[in-house]
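> Given next are the chains, with one letter for each unit.
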Amino acid sequence: MSDAVEKNSESLQPISLRPAETGDAPNAAGAISVREKIGAMPAAPGATRKALVVGLGWGLAFSIVTLLLAPVLREWAFAIVPESKFAMQLRTSDLKKLQREAQRLEKRVAGLRRRFELLAPRVPYLVVNTSENRIRVISGAKIIHEGVCSTGSYVLLKAADARQWVFVTPRGMFSILGKRVNPVWTKPDWAFIEEGLPVPPPGSPERFEAGVLGEYALELGDGYLIHGTLYKRMLGMPVTHGCVRLGDDDLRLVYRNLQIGSKIFIY
Amino acid sequence: MMICASFIEIYKSAQKFLSIEMAQTLWLAVLNYLKSWGEAAANSLAKNLLFLRQSRRVQAVFFVSLFVPLLLVFVLTVLLPVVANPFEEAIAEAPKESAESWADSALAEISTARRELAGKMATLEIDQAFWQARLQLAKGDSISLSVDLVDSVTSLEVKGVPMRQCKILRYRGSGLVKRLQAQGRLQPWLSTPFVLQKELATLPKAPIRIKEAPKDTIEASESKGQDLPIEHRDAEFTLHFDRSLTLVVEQAQAPSFKGRLRKIWYDWRRIFGDAGGALVALLHLQLPQHRIWIEIELSREDAKAIYRALPSRAGLALRL
Chain Y
16 MSDAVEKNSE
26 SLQPISLRPA
36 ETGDAPNAAG
46 AISVREKIGA
56 MPAAPGATRK
66 ALVVGLGWGL
76 AFSIVTLLLA
86 PVLREWAFAI
96 VPESKFAMQL
106 RTSDLKKLQR
116 EAQRLEKRVA
126 GLRRRFELLA
136 PRVPYLVVNT
146 SENRIRVISG
156 AKIIHEGVCS
166 TGSYVLLKAA
176 DARQWVFVTP
186 RGMFSILGKR
196 VNPVWTKPDW
206 AFIEEGLPVP
216 PPGSPERFEA
226 GVLGEYALEL
236 GDGYLIHGTL
246 YKRMLGMPVT
256 HGCVRLGDDD
266 LRLVYRNLQI
276 GSKIFIY
Chain P
558 MMICASFIEI
568 YKSAQKFLSI
578 EMAQTLWLAV
588 LNYLKSWGEA
598 AANSLAKNLL
608 FLRQSRRVQA
618 VFFVSLFVPL
628 LLVFVLTVLL
638 PVVANPFEEA
648 IAEAPKESAE
658 SWADSALAEI
668 STARRELAGK
678 MATLEIDQAF
688 WQARLQLAKG
698 DSISLSVDLV
708 DSVTSLEVKG
718 VPMRQCKILR
728 YRGSGLVKRL
738 QAQGRLQPWL
748 STPFVLQKEL
758 ATLPKAPIRI
768 KEAPKDTIEA
778 SESKGQDLPI
788 EHRDAEFTLH
798 FDRSLTLVVE
808 QAQAPSFKGR
818 LRKIWYDWRR
828 IFGDAGGALV
838 ALLHLQLPQH
848 RIWIEIELSR
858 EDAKAIYRAL
868 PSRAGLALRL
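Line by line, the protein sequences give chains Y and P.
Residues are numbered in our numbering as their position in the first sequence, beginning at 1, plus a constant of 15.
Residues are numbered in our numbering as their position in the second sequence, beginning at 1, plus a constant of 557.
Any given hint might turn out to be false.
[Unchecked claim] DSS-like, lysine-lysine: derived pairs with alpha carbons at most 27 Å apart:
1) LYS762/P / LYS278/Y
2) LYS781/P / LYS762/P
3) LYS604/P / LYS111/Y
4) LYS762/P / LYS716/P
5) LYS157/Y / LYS696/P
6) LYS677/P / LYS122/Y
7) LYS194/Y / LYS278/Y
8) LYS247/Y / LYS768/P
9) LYS111/Y / LYS157/Y
10) LYS724/P / LYS202/Y
11) LYS173/Y / LYS677/P
12) LYS677/P / LYS278/Y
13) LYS157/Y / LYS202/Y
14) LYS768/P / LYS173/Y
15) LYS677/P / LYS157/Y
16) LYS768/P / LYS194/Y
17) LYS592/P / LYS122/Y
18) LYS173/Y / LYS762/P
19) LYS65/Y / LYS820/P
20) LYS202/Y / LYS772/P
21) LYS768/P / LYS157/Y
22) LYS247/Y / LYS724/P
23) LYS604/P / LYS112/Y
24) LYS768/P / LYS696/P
25) LYS122/Y / LYS604/P
26) LYS173/Y / LYS724/P
27) LYS202/Y / LYS781/P
If you're looking for bench data, these hints aren't it; they were derived computationally from the structure.
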């Protein structure tokens, strides 16, 4: 940097201006300051263009920073800008009328609240938490049972013939469409592909397997079931093909408390 | 500021793995490097700006070209969106009669009873809007979210049935919310459910794992034991709703080392996303709108469950 300053001061030396030419008064020593010399210096060719380019470059850089900080700057601005002068507007200046309006509003809010609370099912329902693999059986506002389950594994299975399946438990509200005792599993194609076995034709006896779904199964539609499992150590983990697996005791309780038409909420 | 925050995050994470002395030595080395780099940059900057000493015209050109884009961006992205913000415009459009009656009475002394009543009515109007929005959401089939900052509860619901209720451990809000609240004019903004437009998170929406089908039973039995998935992802996310509402959800637990790195990346994406949005608005000759943000803190499990459960166009009912 010091080299550059020296070079610059050297380049200024040949120029000498007298006070009469500039109209400026000389300083105490009778010499003109470097700053005054610079002010009167003619610009080198291309200097203006360089100033424009460098200035625009810096301007754009600072503009990008401003753009990035804009939300924060706006927040600060909202804190500084004074609020609207008619804060807390009231529709009328009549106090009694206002009180009546407030009472009416209070009743309306209570009514809306009641209407919302009535939306909950009157009969017991099941809530399945797929992110933690837990279940709750709820009746009214009371939790009557909590337990573990297994839900969809989020595995995307790719078969050699380009077919693929995603093993996800669907979310939302479902109803129990049917209840089965000692269910028999009708194995779909993916069950064979996953095991590295050849896929048998539809209706083949190989497709039917008893005892793997536990004592009971509750149908949710689209082939999804709530059923038991042989792999009890896997309960609490996302390992299923989309069904909800329960332990024997939990399954028994769910089967007894939930009827056809009862709601299942899965999230 | 963000770079500093990122360095501090890395420093905090490094502390977990290294001894404090080692982390401090590492930190000092980084600081020394930054210092020497800063000095070199300052010197080079001074050299590059020496041409400014040539004439006043050069100086004028430089400063004009520096400040014009800066001022333009400042006016278009900060000043005008604040001055012409649609929420306050709605207040200004309030019936003239009431404004005048208020102005008159404001000049006179306002009785405490009236002031209290005004506050109570504003609260009741917000409550009414909240329950109306929840009932409206209950008409649909999809999972929705209700955030009640008054009772510090957020709830995941479908058909009006709360499936999961989570305690809000801490919350902060945009200054504009407080302003609108103070003006008692939040009700029109809250009366219908907000609809999710865009989301950004530190965790994937669905943790899909791809598995190629085994060729035979031997390969199938070999791959059987590898399937046990253990997911310890940190959950922080931002939900951009319509009507300029942004809900930021943070987890209460300190994130893991990987989680911290993901958080840095998520923060940068969020900041650049906002800037990008502002830029797009300017290119469409519109003023970028200030987003009203609300930040809530939940437990990691709650945050994860909520994020994973919300569908792409989820609705939100809000009570402030």
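> Give a verdict on every hint.
Hints and how they fare:
Restraint check for LYS762/P and LYS278/Y: the C-alpha separation of about 25 Å stays at or below 27 Å, so the hint holds. At roughly 25 Å between alpha-carbon atoms, LYS781/P and LYS762/P fall within 27 Å of each other, so this suggested pair holds. Simply put, LYS604/P and LYS111/Y have alpha-carbon atoms about 76 Å apart, too far for the 27 Å limit, and the pair is violated. Annotation: proposed proximity of LYS762/P to LYS716/P holds, straight-line Cα distance about 22 Å (limit 27 Å).
Only pairs whose Cα atoms come within 27 Å are accepted, and LYS157/Y paired with LYS696/P is accepted, the gap being roughly 24 Å. For the proposed pair LYS677/P and LYS122/Y, the alpha carbon gap of about 13 Å is at most 27 Å, so the pair holds. For the hint pairing LYS194/Y with LYS278/Y, the CA-to-CA distance comes to about 13 Å; that is within 27 Å, so the pair holds. Under the criterion of a C-alpha separation no larger than 27 Å, the hint pairing LYS247/Y with LYS768/P is consistent with the structure, at around 23 Å.
A distance of roughly 42 Å separates the Cα atoms of LYS111/Y and LYS157/Y; the hinted pair therefore is violated under the 27 Å criterion. Restraint check for LYS724/P and LYS202/Y: the C-alpha separation of about 42 Å exceeds 27 Å, so the hint is violated. The hinted pair formed by LYS173/Y and LYS677/P fails the criterion: a straight-line CA distance of about 60 Å is larger than 27 Å. A distance of roughly 38 Å separates the Cα atoms of LYS677/P and LYS278/Y; the hinted pair therefore is violated under the 27 Å criterion.
Using a Cα cut-off of 27 Å, the hinted pair LYS157/Y and LYS202/Y is violated, with the two alpha carbons roughly 37 Å apart. Among the hinted pairs, LYS768/P with LYS173/Y is consistent with the structure: their alpha-carbon atoms are about 6 Å apart, no more than 27 Å. Between LYS677/P and LYS157/Y the alpha-carbon distance is near 32 Å, which puts this suggested pair outside the 27 Å criterion. For the suggested pair LYS768/P and LYS194/Y, the alpha carbons sit about 33 Å apart, so the restraint of at most 27 Å is broken.
For the proposed pair LYS592/P and LYS122/Y, the alpha carbon gap of about 66 Å is over 27 Å, so the pair is violated. Distance restraint check for LYS173/Y and LYS762/P: the Cα-Cα separation of roughly 21 Å lies within the 27 Å cut-off, and the hinted pair is therefore satisfied. Restraint check: the Cα-Cα separation between LYS65/Y and LYS820/P comes to about 41 Å, which exceeds 27 Å; the hinted pair is violated. With a C-alpha separation of about 19 Å, the suggested pair LYS202/Y and LYS772/P falls inside the 27 Å cut-off, and the hint holds.
Between LYS768/P and LYS157/Y the CA atoms are separated by roughly 41 Å; this puts the pair beyond 27 Å, and the hint is violated. Annotation: proposed proximity of LYS247/Y to LYS724/P is violated, straight-line Cα distance about 32 Å (limit 27 Å). Restraint check: the Cα-Cα separation between LYS604/P and LYS112/Y comes to about 75 Å, which exceeds 27 Å; the hinted pair is violated. For the given pair, LYS768/P sits about 39 Å from LYS696/P by alpha-carbon distance, which is inconsistent with the 27 Å threshold.
With a C-alpha separation of about 74 Å, the suggested pairing of LYS122/Y with LYS604/P is violated against the 27 Å cut-off. Only pairs whose Cα atoms come within 27 Å are accepted, and LYS173/Y paired with LYS724/P is rejected, the gap being roughly 41 Å. About 18 Å separates the Cα atoms of LYS202/Y and LYS781/P, which keeps this hinted pair within 27 Å; it holds.
Violation of the numbered hints given earlier is confined to hints 3, 9, 10, 11, 12, 13, 15, 16, 17, 19, 21, 22, 23, 24, 25 and 26; the remaining hints are satisfied by the structure.
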